[in-house]
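Colleague: The primary structure of each chain is shown beneath.
2 protein chains.
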Amino acid sequence: MFSKILVADDIDLNNIATEKAVNELNISSAEYVKYCDDALLRLKKAEMENDPFQLLITDLSFKADHRDAKITSGEQLISEVRKQFPLLKIIAFSIDDRPHKIKKLLHDYGIEGYVVKHRNTSSELKKAIETVWGGKEKYISPSVEHALQDKTTSEIDDYDIQLLTQLSLGIPQENMEAKFKELNITPNSKSTIEKRIAKLKDYFHANNTIHLIAIAKDMGLV
Amino acid sequence: MFSKILVADDIDLNNIATEKAVNELNISSAEYVKYCDDALLRLKKAEMENDPFQLLITDLSFKADHRDAKITSGEQLISEVRKQFPLLKIIAFSIDDRPHKIKKLLHDYGIEGYVVKHRNTSSELKKAIETVWGGKEKYISPSVEHALQDKTTSEIDDYDIQLLTQLSLGIPQENMEAKFKELNITPNSKSTIEKRIAKLKDYFHANNTIHLIAIAKDMGLV
DNA sequence: CAATCCCTTACGGGAAACCGTAACGCATAA
DNA sequence: TTATGCGTTACGGTTTCCCGTAAGGGATTG
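If you read the protein sequences in the order shown, they are chains A and B.
With the UniProt record's numbering, letter number 222 in the first sequence gets 222, and the count goes up by one each step, no holes.
With the UniProt record's numbering, letter number 81 in the second sequence gets 81, and the count goes up by one each step, no holes.
Worth double-checking, as some hints may not be accurate.
Pairs count within a copy or across copies, as identical chains cannot be separated in the list.
[To be verified] Here are the simulated DSS-like pairs of lysine-lysine, each with C-alpha atoms no more than 30 Å apart in a straight line:
1) K104 <-> K151
2) K63 <-> K201
3) K138 <-> K89
4) K127 <-> K103
5) K103 <-> K63
6) K217 <-> K179
7) K126 <-> K103
8) K104 <-> K190
9) K217 <-> K138
10) K136 <-> K104
11) K20 <-> K126
12) K126 <-> K89
13) K44 <-> K63
14) K136 <-> K45
15) K195 <-> K179
16) K201 <-> K103
17) K199 <-> K217
18) K217 <-> K70
19) K138 <-> K63
Hints in this document: simulated from the structure, not taken from any laboratory.
Put together the whole structure using the sequences plus the hints.
Modeller: Next comes the structure, spelled out in C-alpha cells:
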C-alpha cells in the first residue's frame, strides 16, 4: 500500500472525513492541505528531501479567499503536477459528475482515478486508492462510468468550446470572425462560424443561440 | 443546547465530518439522512411520537440517483418543513455562496442560519448551532455576510427572473409575449419585454442577450 | 490530367432582435 | 376638472442573425 499521500481539498469537512477513510487503509503518512499552492509546495519539499509523495488526491474546485493564489483550481494543479512530478499518481475527487470534465482529466492529463463525491464516497475512495495502488487499472466511480462512453461530448472539439466560450463572453456572431483571427483560430470566416453554431444548435436541440449557451453552461462545457 | 437534531446531506463525507463536529457539542441525539424525502419522514415520525426534532441542518443540493425522489432539493425541503413544522429551526449548509440564493432562503423562508462550506466550516457550524440555540439572532457565515448588503440582486425581481429563465429555456424574445400570457405574467407586451431585457443588459453590462444569460447562469439567478 | 469530394468562403433574402419615438391608460396632484 | 408623471403598449427603421445557394481551394482518386 502507499506509504505517503497528499490530499488537497479546501473544505475542511472533506479533509476530516477523508482522513477517517484513509486511516482505515494501511497508509503510514498522509498530509492534508487546503490550497493548491500549498499542495505544490509540499510536493516540491518532499522531492527535495528525497522522500516524495506517491499519490495525490485532489478536489477540483477551490474557492478564492483573502489569500493570493497562483493555482486556483484542481485542474491547474493536476496540470502542473503532471509536468513536474510525472511519476506521481493522481486521483481527482470532486462533486462534479459532468462527462466533459471527467473525460478531459482522464484523456488530457491521464489521471489514475476519478471519484465522485456522493452517497458512498467513503468506500469508493478506499477502493480507488487500492485500485490505483495495484497499478494495473484506473478507478472511475461507477455512477459516472457511463460518462466515458458518452459521445455527446466527444463529438464536441476544442473549436466548438472556443466558439461557445466567446459567445458566452458576449462576442456577437457578427464580430466572431475578427475575434477568431485575433486569437489565431481557424477557420474563421463568418460563414463557417455561422454554420458551426447552427450545427451545435442542431446537436443540442437548442431553439436559438441563447438556449445553446444555457445548455453549454449547464453541461459545464464553458 | 438542542437535544435532538436532524442533518440532511447526500454526501457521506459531510455527514461523517458533521457528526464529528456535532459530537463536540452537548447534543444528545442527532440523526443523519441522505435524502430529502427521508428527512421529511423522520420529522413526521418524531412529531407523531411526541418527540419532535428541534433543529434541521440541511444541504441545498442533492444529486438524483436510482431512487425516486419527491423532494429533490434542499430548498424544496425547507419550503415543506416551514409549512409542516413551523417551530423547527433551520440551518442551511451549502457550498453555494451566491448572494441571490442566500437572500432568498433568508427572506422567503426565514431560516435561522446559513453556513457556507469552506475552509473553516467545522467551527462555523458549531458557532451556528450555538447561535441558533440562543434564539436571539441568526447565524450567517462571515464570508457571505456581505451578500446581505449586496444590492445587485435585490434590484432584480421575480419578473426579471422569470424573463431570464424563459430566455435560458430557449423562448425567443419574439414569442415571449405569448409565453407570458400563457403563464399569466404581466406586463407582457413585446415592447415592455424588450425594454426589460435592455434594462437587464444595461444593469449587468452585458453586450447582448447571450452574454446576459451567461452572466445570469454564473450568478445562479436561473 | 481531369473528376470527385469535402471543407471553407461568399453572398443575398428573410426573420428576429434592437433602439428610438410616440401614443395610451391610470394614478396622483393642482 | 385639468395637469403631470410613470409605466405600458405600439410602431418603424436599422442592425444582427439566420439559412439556403453557390463558388473557391486543396486533397484524393481514376
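Colleague: In ascending order, which of the hints set out earlier in this document are inconsistent with the structure?
Modeller: none
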